[in-house]
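Chains as they are written, first to last, in the working numbering: chain R, 1 to 223; chain V, 1 to 358.
Rather than coming from a laboratory, the hints here were simulated on the basis of the structure. Note that CB positions come from ideal geometry on N, CA and C, so glycine has one too. Be a bit skeptical, because a hint or two may be false.
Residues on chain R that point at chain V, a partial pick, calculated with CB under 8 Å [said to hold, decoys possible]: (1) 35; (2) 117; (3) 161; (4) 203; (5) 206; (6) 209.
Just a few of them, taken from the derived set where beta-carbon distance is under 10 Å, the chain R residues facing chain V [to be verified]: (7) 102; (8) 105; (9) 110; (10) 111; (11) 114; (12) 208; (13) 212; (14) 216.
Residues of chain R placed beyond 12 Å of chain V at every Cβ, according to the derived structure [what the hints assert, rightly or not]: (15) 42; (16) 67; (17) 109; (18) 121; (19) 122; (20) 129; (21) 133; (22) 165; (23) 185.
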Amino acid sequence: MLEATLLSLQTALIATIAMAVPAFLIATYLVRNNGRVAFIVDLAISMPLALPPVAVGFVLLWFFGATGPLGSFNPGIAFTWPAMSIAAGVVSLPLVVRAFTAGLAEVDPRLVFAARNLGASQLRATWDVTLPLARNGIAAGLLLGFVRSFAEFGATIVFAGNIPGSTQGLPSAMFSRISAGDFSEAWTLAAVSIVIGGIALAIHNKLVSEQRTRLAARSASDG
Amino acid sequence: MASSVVPFLEFDIQLHQGEFTLDVAAQFEGGITAVFGPSGAGKSTLLGCLAGMITPDSGHIRLDGETIFCSADRVRQPLQSLGIAMVFQDGMLFPHKTVGENIDYGYNLTHPDSRRIDPQELCEFLQIGNLVDRYPVSLSGGERQRVALARSVATSPRLLLLDEPVASLDIRLRNQVVSYLKQIHDRYGIPMIYVSHSISDVMALAPNALVLERGSVKSFCPVIDLVADIASSTRVGRDDIDNLYVGTVTPTGAIRIGDVEVVAQPDGYGPGQQVTVSISASDIMLALEQPRSISARNVLAGVIQRVEVGDYAAFAFVDTGTEFVVELTSEAVESLDLRPGKDVFVLFKTSSITITAG
């Protein structure tokens with residue numbers, strides 16, 4: 001049980017860290033562009049929100065399999081623990097991008113230009129101005145990604161399987177206990193997920209409400 | 001000398017943005033040049049192009065003989081190394097950094113060999129030394145613009161662009177910031193381009209103005225020539241013309257402006273203190289003889305330099321040792337036979353003088 005919990009935490013942590021930079025780049029692109037390409041990018045990364053997670057897992061299984069686009073270069077990643085992080089990452093990415101986009105939309109592009117104008121490179125201006133000003137949205141997005149990854153079940157069980165000690169995270173373990181009629185173990189696992197998810201979500205909500213307060217204060221002082 | 005042949009700034013740029021087309025070419029000398037025109041004329045877009053914020057569709061920009069943008073040769077110098085600093089209308093201070101951190105930001109990114117201006121001295125000069133630990137949100141409008149100015153000047157720029165930096169300020173603060181701009185220019189010799197739609201600031205700062213209208217150059221002329229346009233516009237909706245000076249409070253409580261002393265009420269300002277003084281052109285009268293029994297305390301003898309008569313107003317430029325612009329009616333110009341070279345007296349009341357620190 002501890003093993004499954006730790007595996008889920010590890011999966012969620014790796015997925016969140018791996019997603020951070022790509023999600024930031026996609027969100028930056030989406031905030032600055034609203035043409036046809038941006039529409040398609042947004043649609044493509046948002047698809048996992050609209051699909052049954054099982055379908056996402058199925059697509060991943062095909063993508064990383066011998067008959068997929070990678071062909072004989074497929075890394076044989078299916079049914080291993082990295083597959084859990086990939087499944088969790090793909091399913092969580094749209095949520096992370098959405099939260100990042102909300103955070104980045106708050107940053108006045110002229111402030112970033114002001115930093116560039118004062119001698120900062122693009123990277124430096126992002127670090128010194130964009131990130132600190134979008135920090136609540138960024139942190140909220142990372143927490144949301146972590147929570148969603150920690151809770152991931154459907155895509156994971158198809159793409160990574162449910163192998164105890166290898167690819168059995170907390171949700172899969174819970175599923176196995178319920179299937180076997182072992183309700184007391186299942187309840188313990190449910191309690192653990194409620195505590196971890198609840199804490200992460202509470203921090204997330206606090207960050208979002210802080211962001212709202214700040215926005216309200218700013219528009220009040222502008223007006 | 002090469003520098004007399006090569007203009008300080010030369011540009012010829014075209015940009016299409018939806019319905020709007022910017023197509024401007026001009027050559028600026030150093031010093032302060034104004035870009036003047038109604039809103040929507042393309043003033044800010046032009047500044048954005050010069051600062052590298054907006055890439056023109058075609059054309060070139062050369063600063064000090066160096067090409068910083070050229071569409072034909074595919075030259076586009078990186079934004080951060082242009083050495084062209086911009087001051088925005090609303091300051092654009094970093095809200096998460098203190099005033100001190102804001103000012104140090106650009107200074108620290110400036111190569112040590114290029115640093116010519118000490119931020120601390122600059123802060124003292126702009127009287128913002130006591131604000132360094134505060135956050136921008138707690139600053140007043142005038143303080144915010146002085147900090148924004150300090151932040152840009154601290155990078156020792158080759159050129160300073162000012163995008164309506166006083167548009168959101170009331171008249172006193174506007175005078176103060178304009179006066180600081182003038183002094184910064186005199187003190188550090190930084191060439192400036194000053195964008196405004198207010199003739200008064202432009203007159204106080206720049207000898208020449210590039211006038212834009214609907215994205216094209218309407219004229220490039222001495223600022224004084226713009227007064228003729230003003231005289232031909234109805235009084236409703238046009239700018240008042242203010243006479244703006246930097247002066248010093250005398251021990252007797254008057255204010256010395258250049259070669260003249262004006263009687264004012266510099267309450268709260270001590271002898272020797274530098275102040276900005278503004279007098280609206282419409283608050284000044286002219287007399288052909290020196291009036292003896294009159295309540296107005298300021299009566300200065302001068303000579304008319306120039307008279308502009310338009311459909312709706314007339315303006316006389318009078319040299320009393322310091323130049324005053326006086327607003328009149330065309331009837332007054334006719335009946336008093338006002339023309340250049342004529343001796344006159346300039347009259348205004350003490351209460352017509354607005355005094356601001358700095």
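Practice problem: Sort out which numbered hints this structure fails and list those numbers smallest first. | Solution: 1, 3, 4, 5, 6, 7, 8, 12, 13, 14, 17, 18, 19, 20 and 21
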